[in-house]
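Build the full structure now, drawing on both the sequences and the hints.
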Amino acid sequence: MSLTRLHKLDQQSLRFALSLAIFLTMVLTAFAHTSAVSMTPAADSTVSAPASVTLKFSGALEPKFSTITVTSAEGHVVNKEASAVGGDSKVMTVALPPLPPGIYTVHWVGVSTDTHRSQGDYKFTVK
Amino acid sequence: MTGWVPALNVLVAVLSDSSYAIIVGALLASWWLSRIAAEPGLDGINISGLELRRVALLFLVVLIACHLVRPWFVASSMSGSTRFREALALVPTILTSTRQAGLWYANSLALAVMLGARLFGRGRAPNAVRWIEVLGLCVLAATKAASSHASEEGDFTLAEISQMLHILATSVWAGAIVVSGLLIVPRMAASGRIPELWSYGSQLSKTVTWVLCVLVLSGLITSWNDMHGAITTLWTSVWGKILLTKLVFVAIALLLGISTRFRCLGRPATSDRGTLMIKLLRSEAGVMAAILCISALLANTNPGT
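As they're listed, the protein sequences go chains E and S. Counting in this note's numbering, the first sequence runs from 1 upward without gaps. Counting in this note's numbering, the second sequence runs from 1001 upward without gaps.
Hints were generated in silico from the structure; no laboratory data involved. For every residue, glycine included, the Cβ atom is placed at its ideal position computed from N, Cα and C. Check before you lean on any hint, since a few could be wrong.
[Claimed, not checked] From the structure, some residues in chain E lie toward chain S, with a derived Cβ separation under 8 Å:
#1 GLU62
#2 LYS64
#3 PHE65
#4 ASP114
#5 ARG117
Right under this line is the structure:
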């Protein structure tokens, strides 16, 4: 095999390796999506009346557009204050008044700094 | 968001990304052409100089128009409202109280300087204008990276820098191929400047090869930071299917690029191979345009859907 041919094959191998790597990296990229990764109280947990609900997100939040609302089993909003994003821009908290026993639903909207909006809800029980 | 807003958002993103890539491509093409003109034994390609400047100016205006309407789309995306007036009412909040505000003002400044340089500086100091444009394009890439998911761990992180390089590399690849395949190479071949065509093609090919290296490296770093292992999303979501479609087009573009390199540029210059190069580059340009469209659609699709 001549050196020129070998050189061309090397270039072809390099191109193929690059193509494959690009394919793989593009597959592996962009699975990221800001969402709630931990909740206090936890989803479906039974707890004593909590003083607040705290959600930690996978990415930084836009405070002006991110919210937590807690509703009772009857659908009434129980939090008196608006939720706030704290010093850690991934953590959002809402203070709660003393809650009587019952099932409560936490509705959250998390708007990430890349402008994407995600939302969800979960329940917890106050014993 | 439902209805016409997401479709319009994607359309604006396609226009914006394509315009950015074409400006990058026009800048590179003019640089390669000036190098050919300086090469002994080769003729300068003056025919495309004015046209390239007009193309760059046209797409700079399109880019500015997309930039001006962006706050409304950001307001719509953040609030979830698709009503024109509701989202419009939130634009002042976006431009005063969110992370997007500072980035939007930085973009405005970069675009204003680029427009001013292009309109008033071209005849006086072409090199200075070129470097101002390079700087402006880097600022635009940096702010785009800073407004993407890569910024969620903070600014000036490895993920954000890697994302910026990824944006630049993609734009160099797409822009260089689109401008060369649709504007420069056909003109060169038509005027029978085969040696110049080969010289131009070699510079294009070398640049694209280096850019692919940057794409791989930046992609690996970004994926290392972002991967959450949910690979099944690829088959189970609309988003995953769009990504797979994009990857098919990327593979086709790479194959066309390899063909250009080995079936044309790697062999002696002839007019037949010049004709083949035009066909391959035009096809690659078409595929790159499709990739830009699919990328914009992908960027505006929730990975969870």
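Original post:
Which numbered hints are broken by the structure, listed smallest first?
Top reply: none
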